[in-house]
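So the protein sequences, as listed, match chains C and D.
Note that the numbering used here has the first sequence beginning at 1036, numbered continuously upward.
Note that the numbering used here has the second sequence beginning at 1036, numbered continuously upward.
Simulated from the structure, these hints should not be mistaken for laboratory data.
One thing to keep in mind: the hints can contain errors.
Intra- or inter-copy, both count: the list cannot distinguish identical chains.
To be verified - List time: in silico DSBU-like cross-link candidates among lysine-lysine, alpha-carbon distance up to 35 Å:
| id | residue 1 | residue 2 |
| --- | --- | --- |
| 1 | K1082 | K1157 |
| 2 | K1082 | K1113 |
| 3 | K1182 | K1113 |
| 4 | K1157 | K1073 |
| 5 | K1182 | K1082 |
Number of protein chains: 2
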Amino acid sequence: MATEATNGAAAGETNGAAKEKTVTFTSLKPQLFVESSKASDAVAFYKAAFGAEEVNRVSHPKRKADQELPLLLSAEIKLGSSSILISDLTDDSTALVKTVGTGLVFCLETEDIEAAVDKAVKAGAVADGEITEGEGACCGGRVGKVKDPYGVVWLICNPAKKCVDVEA
Amino acid sequence: MATEATNGAAAGETNGAAKEKTVTFTSLKPQLFVESSKASDAVAFYKAAFGAEEVNRVSHPKRKADQELPLLLSAEIKLGSSSILISDLTDDSTALVKTVGTGLVFCLETEDIEAAVDKAVKAGAVADGEITEGEGACCGGRVGKVKDPYGVVWLICNPAKKCVDVEA
Chain C
1036 MATEATNGAA AGETNGAAKE KTVTFTSLKP QLFVESSKAS DAVAFYKAAF GAEEVNRVSH
1096 PKRKADQELP LLLSAEIKLG SSSILISDLT DDSTALVKTV GTGLVFCLET EDIEAAVDKA
1156 VKAGAVADGE ITEGEGACCG GRVGKVKDPY GVVWLICNPA KKCVDVEA
Chain D
1036 MATEATNGAA AGETNGAAKE KTVTFTSLKP QLFVESSKAS DAVAFYKAAF GAEEVNRVSH
1096 PKRKADQELP LLLSAEIKLG SSSILISDLT DDSTALVKTV GTGLVFCLET EDIEAAVDKA
1156 VKAGAVADGE ITEGEGACCG GRVGKVKDPY GVVWLICNPA KKCVDVEA
């Protein structure tokens, strides 16, 4: 349950009781989970129904032997000035949401995941696991996860930043 | 279950099989329902946890005799460039969402509710009731409601436009 607040030089000199850091979120994207293998249909529907524009599509990296087509890890569609992610509900994501359809998490994008998770936890959210990276993450980048007091799961992620240089 | 596609002059000359109209959505706002009377706490939490900025707050017009404080019809908070509406779950809204917390609808704002509902229905959504206006609507304006094939409720609304001149 503990989250690592310090990762590389980002957290600076203060460890433990760190000073309040400014956290800036660049984007908020609701991620909607639909019944497995229907995400692609859902995207087509939102295009037809609401004139949504598909701006990005990422297939699930794991394809089961019995699957004809890879599942959608997430497709990003734009509606007005906002984006929604549409995803197939997989074994990985079942833990995130309890229900299909209205099963939803919010993805908050930021440059500084650690500071953002810290701030949320101090305010009363519960961190859920370590900050992870890679294939399972909503946006393919690094991602932290917190659950708020109202039952909503927030993925705090940095989709642009790859982790190649973190180990250096 | 039928929706009125023509309301005043907006639908123009063609009734019934109307030509495809261009529908523009200005805004998409997820509306999150929390357990009754906790919406205000939730707003405070999102401010503390994520630095959300409250941009609007509308109390519920109906206050029950046994309530100390009016419920929140919706408070709009801004996160990044996106907005979320936070609402107390009331008798009115229970029909919209089945679960508290992750119980969520999307509000799509547009100038032309009728055309937007029509287009969604043609694409396979199911219109839910008539287009209504006033106090119960998510944004206090006119609102149509459709349910998509994936179980998600979309409120198609025009919060800015009042209905005073529609009868003329």
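Results for each hint:
{"no.": "1", "hint": "K1082 / K1157", "in the structure": "between (40 Å within a copy, 12 Å between copies)"}
{"no.": "2", "hint": "K1082 / K1113", "in the structure": "both (9 Å within a copy, 26 Å between copies)"}
{"no.": "3", "hint": "K1182 / K1113", "in the structure": "both (26 Å within a copy, 19 Å between copies)"}
{"no.": "4", "hint": "K1157 / K1073", "in the structure": "between (38 Å within a copy, 19 Å between copies)"}
{"no.": "5", "hint": "K1182 / K1082", "in the structure": "both (31 Å within a copy, 15 Å between copies)"}
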